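Peer 1: Residues per chain, in single letters:
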Amino acid sequence: MGRYVIRRLLQMIPVFIGSTFLIFFMVYALGDPVAALFGDRAPDPATAAQIRRDLHLNDSLGEQYLIYMRNIFTGDFGTAFNGQAVTSLMGSAFPVTIRLTLVAVVFEVVIGIALGVVTGLRRGRPVDTGVLLLTLVVISVPTFVTGYVLQYIFGVRLRWTAPSVSPSAPVGELLLPGLVLALVSLAYVTRLTRTSIAENTRADYVRTAVAKGLPQRRVIVRHLLRNSLIPVVTFIGTDIGALMGGAIVTERIFNIHGVGFQLYQGILRNNAPTVVGFVTILVLVFLIANLLVDLLYAVLDPRIRYA
Amino acid sequence: MRNAMRVRCAVGAAAIAMAAAACGGGSDTSGSGGVVRASWGDPQNPLEPADTNEVQGGKVLDMVFRGLKKYNPKTAAAENMVAQSITSTDSQNFDIKLKPGWTFSNGEPVTADSFINAWNYDALLKNAQVNAPFFSYIDGYDKVHPDASGAKSSAQTLSGLTKVSDTEFTVRLNQKFSLFPDTLGYSAFYPLPKAFFSNHAAWLAKPIGNGPYEISSYTKGTGMNLVKWDGYKGPDPAVNKGVDLRVYTDSNTAYTDLQAGNLDLVDDVPAAQLRNVKGDLGNRYINEPAGIIQTLAFPLYNPRWSSAKAAELRQGLSMAINRPQITRQIFQNTRTPATDWTSPVLGAAGGFKAGLCNTECSFDPARAKQLIQQAGGLPGGSITISYNADTGSHKEWVDAVCNSINNALGNNKACVGAPVGTFADFRNKITNKQMANTFRAGWQMDYPLIQDFLQPQYFTGASSNDSHYSNPNFDKLVNQANAESSPAAAVRAYQDAERQLVQDMPAIPLWYQNGSAGYSANLSNVTLNPFSVPVYNEIKVA
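Order-wise, the sequence lines are chains A and B.
Quick note: the first sequence, position 94, residue 94 per full-length UniProt numbering, numbers continuous.
Quick note: the second sequence, position 233, residue 233 per full-length UniProt numbering, numbers continuous.
Treat the hints as calculated values from the structure; they're not laboratory data.
Per label pair, the in silico range of CB-to-CB distance: (1) Val5(A) x Ala195(B): 51 to 61 Å; (2) Leu268(A) x Gly461(B): 24 to 34 Å; (3) Asn174(B) x Asp54(A): 27 to 37 Å; (4) Lys143(B) x Asp76(A): 30 to 40 Å.
Bear in mind the structure is a predicted one, so any value in this text is a computation, not a measurement.
Ideal Cβ positions, reconstructed from N, Cα and C, are used throughout, including at glycine.
Next comes chain A alone, as it looks inside the complex:
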């Protein structure tokens, strides 16, 4: 087990280097950011040259990348154009986005799995058909539509909550954005769980458990659900990375100043340190989430072992 984890962690190093280089290269390909600093006005050559020198923009791509990596290992992720260190941007953005993601994941797990179990056990009944139809609707409606509509209904019409999230982003205010962010994945979790449960209800070990005379509750929770959850856990694990990076739309709608907001600003202003820094961390989150999912398999299904 320990060796397996170490091997996986070592594998992350080339992935980390490769992904940072690719992202750096792509942001670099967007072109020279200096002109945009001057708005609709032509930059005066001397000032532009001075800024380029300060940002090392005159060096070759390879040299810039080396300078950037050297700084990263000393904890310096560079500065955004408004003079703020990227690390301090991360310090304010990541806690907010992590909270939002957790809210979304809790919605996925609690509502998605509950609905999946209910529909899986009652296949073909009206409850099942109704929920299936509902998930189909949720999957086909784009996030920004559900976002704006729910924001208007709950924020402006009913006034249950503020339409936008305040800067401190307490969990209470993140419930609605979290739900919006989770909806599509929630629908997938419901469908995955339903299929998995429906398949396993006919499995031998379930029949054995029922024949042993175990109470129905115990059969479902201990035997049926635990085995049915493996595909669902895989999905949720990979979804965490997608939720954090994909929160751009949701964060914009609800004015949440998280990772999506900073990435959006960074891309808009061609600020390589912001974009590369944030995406690098997102890559790490993705890798670690995947590792945790793989380790969870062993907990759910004792037949799976890692050497």
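Following the hints, put chain B in place on chain A, whose structure we already have.
Peer 2: Relative to chain A, chain B alone:
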């Protein structure tokens, strides 16, 4: 209301895992305690007077600072603020006297040194301030800020600035420029306290100025709280207790917050809401001209556009554009068809002249077709209009303009839009003279003077002459205007220069942009200044 609270808690309780914070605080929707809650955008550069060239940072500087002059929010006239008098006998040497008694909010008096040191810092090449070119009229600028890329400054201070006493200094310009005093209301010319130089990082984290507000807290990227500065002695103190600026990435969200009573003032009504805004806000919606003009510029350095007959061609294109229809259909009347190269906010006295470009800027498809055919048709048979696709939703109107041209010429392929991915890339192509075809251009005035609309954009070799237009007669008239002793004569000479643009049409005037704002019933006396920024210090909070 009781009912609403209960449901809110029920929602929280449903997700037990995080119920703790759900029903507690966060009910800041009622009563703002005399403070204006306004929408804001994250300033692009650090908040230094000479490093801020966009409106979001500019609106904070205008609350926190007062300069030698201030532009009257209603008439746009430059009026003395910190300055007692600015006099000159030859339009080149100016004597500036300061009113006594002005201080920064940290108690330091505003003296001649506050201006001289600030201007020397702003102009110095090493400090890489984007607004440095505003000091280029001052004698010695070429030593402090040499133009060539890679050059080093040979002097640290502007030789044209001389201190006479604590309340008086003189400015020597390197050319005659009668309107110079009227440029001094621009934020680049604001004074700076000693704290700016002694602890620069701390100052940037929380700028200190001499204006009616002081900054109580500033969280970059999130928001800023400004409070009324009680020690302010100027003639325009704040009538409210403060301003809370909140950063929004999406103007739709700010608008929704305004509807929900979560915000008092938005100064950018999103295009998607323009149809509803009258119904939502009634007379709490402002839509009036701002100092912004949109044009279509041509790369006059490209052989396609530099031939002798190309001017006729450009005039023809101008007449092929149905401006009234586009401003009505696409912009819901938030733009006004342009008939000169300035802006209505200047007023007649400031140099705005409606109809200065009359027939050449009016829709006349038959004449347009005739002119273009006389000039030998479109270069290469068709043109494109470049725009940046990342911000500003330019696609709609560019397509409409092309449509209008295509209809006039009876050719569906005469004109197409050519999007460029990012604004930075778009600007790079323009700066590096890589444009081969028409491109969109916009100009937001720095100060309400006709000079600011014409000289930077159309004078030979000027900093924002994106078309690389050069006409000796235009240059001569501009120089003449700058040397006039009275502003009225200068304005007249500038209008003569502007008539040259009608002949040459280096850029087609499209429309004047309006500023818009919407506000809640809590506020009254909300107005926009000529820069389309709300006049915060005059807003009353109920």
